[in-house]
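There are 2 protein chains.
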Amino acid sequence: MGRGPSRPVVGPKRRASGWTYAKAGVDRGSIREGLAALLAEVHYRAPASSGRPLALSGHYAGVVRIGRESIAVTTDTVGTKVLLAAEMGRWGEVGEDAVAINVNDLAAIGARPAAIVDTLVMGRPDRRQLAGIGRGLERGLRAARCSLLGGETAVVPEMLAGIDIGATAIGFLPNGRRPITGARLRPGDVLLGLPSSGVHANGLTLARRIVRESRVPWRRPRRGARVALGVEMLRPTTTYVGAVEAVADSPDVTGLAHISGGGVRNLLRLNPNVSFLLDGWPGAAGVFGYLQKLGGVSNEEMYQTFNMGVGFVVAVRPRGVRALSRSLARASGTPVSVVGVVEKGTGVRLPALGLRYAQYA
Amino acid sequence: MGRGPSRPVVGPKRRASGWTYAKAGVDRGSIREGLAALLAEVHYRAPASSGRPLALSGHYAGVVRIGRESIAVTTDTVGTKVLLAAEMGRWGEVGEDAVAINVNDLAAIGARPAAIVDTLVMGRPDRRQLAGIGRGLERGLRAARCSLLGGETAVVPEMLAGIDIGATAIGFLPNGRRPITGARLRPGDVLLGLPSSGVHANGLTLARRIVRESRVPWRRPRRGARVALGVEMLRPTTTYVGAVEAVADSPDVTGLAHISGGGVRNLLRLNPNVSFLLDGWPGAAGVFGYLQKLGGVSNEEMYQTFNMGVGFVVAVRPRGVRALSRSLARASGTPVSVVGVVEKGTGVRLPALGLRYAQYA
Numbered sequence: 000m001g002r003g004p005s006r007p008v009v010g011p012k013r014r015a016s017g018w019t020y021a022k023a024g025v026d027r028g029s030i031r032e033g034l035a036a037l038l039a040e041v042h043y044r045a046p047a048s049s050g051r052p053l054a055l056s057g058h059y060a061g062v063v064r065i066g067r068e069s070i071a072v073t074t075d076t077v078g079t080k081v082l083l084a085a086e087m088g089r090w091g092e093v094g095e096d097a098v099a100i101n102v103n104d105l106a107a108i109g110a111r112p113a114a115i116v117d118t119l120v121m122g123r124p125d126r127r128q129l130a131g132i133g134r135g136l137e138r139g140l141r142a143a144r145c146s147l148l149g150g151e152t153a154v155v156p157e158m159l160a161g162i163d164i165g166a167t168a169i170g171f172l173p174n175g176r177r178p179i180t181g182a183r184l185r186p187g188d189v190l191l192g193l194p195s196s197g198v199h200a201n202g203l204t205l206a207r208r209i210v211r212e213s214r215v216p217w218r219r220p221r222r223g224a225r226v227a228l229g230v231e232m233l234r235p236t237t238t239y240v241g242a243v244e245a246v247a248d249s250p251d252v253t254g255l256a257h258i259s260g261g262g263v264r265n266l267l268r269l270n271p272n273v274s275f276l277l278d279g280w281p282g283a284a285g286v287f288g289y290l291q292k293l294g295g296v297s298n299e300e301m302y303q304t305f306n307m308g309v310g311f312v313v314a315v316r317p318r319g320v321r322a323l324s325r326s327l328a329r330a331s332g333t334p335v336s337v338v339g340v341v342e343k344g345t346g347v348r349l350p351a352l353g354l355r356y357a358q359y360a
Numbered sequence: 000m001g002r003g004p005s006r007p008v009v010g011p012k013r014r015a016s017g018w019t020y021a022k023a024g025v026d027r028g029s030i031r032e033g034l035a036a037l038l039a040e041v042h043y044r045a046p047a048s049s050g051r052p053l054a055l056s057g058h059y060a061g062v063v064r065i066g067r068e069s070i071a072v073t074t075d076t077v078g079t080k081v082l083l084a085a086e087m088g089r090w091g092e093v094g095e096d097a098v099a100i101n102v103n104d105l106a107a108i109g110a111r112p113a114a115i116v117d118t119l120v121m122g123r124p125d126r127r128q129l130a131g132i133g134r135g136l137e138r139g140l141r142a143a144r145c146s147l148l149g150g151e152t153a154v155v156p157e158m159l160a161g162i163d164i165g166a167t168a169i170g171f172l173p174n175g176r177r178p179i180t181g182a183r184l185r186p187g188d189v190l191l192g193l194p195s196s197g198v199h200a201n202g203l204t205l206a207r208r209i210v211r212e213s214r215v216p217w218r219r220p221r222r223g224a225r226v227a228l229g230v231e232m233l234r235p236t237t238t239y240v241g242a243v244e245a246v247a248d249s250p251d252v253t254g255l256a257h258i259s260g261g262g263v264r265n266l267l268r269l270n271p272n273v274s275f276l277l278d279g280w281p282g283a284a285g286v287f288g289y290l291q292k293l294g295g296v297s298n299e300e301m302y303q304t305f306n307m308g309v310g311f312v313v314a315v316r317p318r319g320v321r322a323l324s325r326s327l328a329r330a331s332g333t334p335v336s337v338v339g340v341v342e343k344g345t346g347v348r349l350p351a352l353g354l355r356y357a358q359y360a
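Protein chains in written order, with this note's numbering: chain V, 0 to 360; chain R, 0 to 360.
One chain only, chain V, in its complex shape (with noise of 0.2 angstroms):
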């Protein structure tokens, strides 16, 4: 569509060997090829009078022009981290999830959150497994500074067993702020990596099925690790707001990207007209490299899947790097490291693995 941010595909080709996104059962040319069939059939455009979308097309969120303010908004769901929840039978992890991977995105235009509605698709009402979400949703609202401001409980029991848990994020851009899309990025641009907690909510149905297949218990922790594999991977994502807040002001900031569906091709959300070279982007550490040996899986495959220990990108005019990173590092509590730079060209590139990505999807 022409306008409003993209919706993310998850999965790459199929591969002769080792594990994929397409062999764990979702197809990405065909989803790619659905989207379009239905975008095909949306044209309408509303009178001013029912507030004016910018064309923001591709990115995170969209914004629509409300009167004096600039109204951001974005929706996505938890997927099949849920079916990991069950697993374990833990749920507070993916109700802070289902807050945290909206107002990550509002973040990635630099939008501020004021409010989720969250939605609750479920087959049977459980109190326990509501409670736990309820925990999860307050600890991502106090870590976003935002409100919840209602929700949708619909129990269908024909359509599903478990649950599928989404929601929707409403924020702003405030004081005249204007969205930040990565339109401004130019070589020498550098990027400035914030660590992920983990896997996040993405790659679950992946990494999910190499552990069933390779029949490895989530209850153990792997080796090296303190906690249980299952509860290692339901870490819930990092909230990057208070980040993002923190520096969104700043004309030295170019770019914005969430790591989440897609990996590090998010970048290419950004601009179209540049190239990022990742050549301070980590390695397959931790549980990547646990999951990646586990299942085979190539490098094109985990780049492209996970967000390998990078949890959200801030790129900055080089002469905003040191006073930038210092803002970022004390507003996230976290170090931030040097992870690219911007270049002439096209396409994402990590030349120390020989991987090249020419389209976020």
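Just so you know, not all the hints are guaranteed correct.
[Stated by the list, open to error] Chain R stretches covered by chain V per the calculated footprint, using a threshold of three residues with CB under 8 angstroms from any CB of chain V: (1) 17–29; (2) 32–38; (3) 66–74; (4) 164–178.
FYI, nobody ran anything at the bench for these hints, they're computed from the structure. Since we're looking at a predicted model, the values are computed, not measured. C-beta: ideal position from N, C-alpha, C; glycine also.
We have chain V already, so just place chain R on it with the hints.
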């Protein structure tokens, strides 16, 4: 929760004979308890710099004050109507519903829709199905005069086989309009009803169960109807946005109710300190009479599950009845009838049927 829209709970208490929602597999009590367990965990109040939510507890939409604008948000899914869409192989109607059910909830507080984001969760992408949904979204957007600002397409084959269709609508209160909540309702106010197009997107779990158990074919018209029963029951939800916009700035409009899940009980969301006497609500005619007879459904169950022919109610001061009826009829292109009156007391009453409802959910 203390603010924002309440979540409709469909399905009444179990009855000895005749079909009820509980018998169809949806237990109202356990939904209410599960929801209470979730909301008991959510207390956080965001700082004013994140926007200020207005207190509209139990209402159709939440409102957050962002800068100088009041932004309204609501979210809902089409529910099990998608199973009838699958039965009939027709997807346009439920696509249109996804927009209509949400914009009608915005209209029910007097907010004007600006944008929709849709959420499609499916087991497998199907181009034909998604194109049909796209055509329906387009019709819904045109009827509501609002824009599609984005969406999420989640493919989760392990979680469900079919498709769940939901959306979130974002609107606003234009030019200083205050939310119309029903707080100003008083005895003597007149209830004007706008016709529904059929069952809309409510009661489908019960209706489908009745038809299936009776072994009535979906592809033949019921006696007195011109189209197949399945087509008749798929008819998309009427959009009441235009009608509400035509009268929302009148000081004589004191309440608005979208007659969705919960049937006539929806009126109880407007004001707990008045009584709604429904002496002009239609009897069980058309598809409603057919379903009631086929399933041996009680009047109590029918009027708290289906809209029974009235999809939206506008409460007006007596002095405004004539002019506002005319405005509503002109804007909607349908007849407008007096369906009841506000009285002293509490609850909703249909004296001709001996019915009284004390609570919304």
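*Count residues of the segment 17–29 of chain R with a Cβ under 8 angstroms from any Cβ of chain V, then say if the count reaches three.*
holds (count 4)
*Taking a Cβ-to-Cβ distance below 8 angstroms as contact, does the segment 32–38 of chain R have at least three residues touching chain V?*
It holds, with 6 qualifying residues against the three required.
_If you count the residues of the segment 164–178 of chain R with a beta-carbon closer than 8 angstroms to a beta-carbon of chain V, do you get 3 or more?_
Held - the segment 164–178 of chain R has 5 residues with a Cβ nearer than 8 angstroms to chain V, which meets the minimum of three.
*According to a criterion of three or more residues whose C-beta lies within less than 8 angstroms of a C-beta of chain V, is the segment 66–74 of chain R covered?*
holds (count 7)
The structure shown violates none of the earlier numbered hints.
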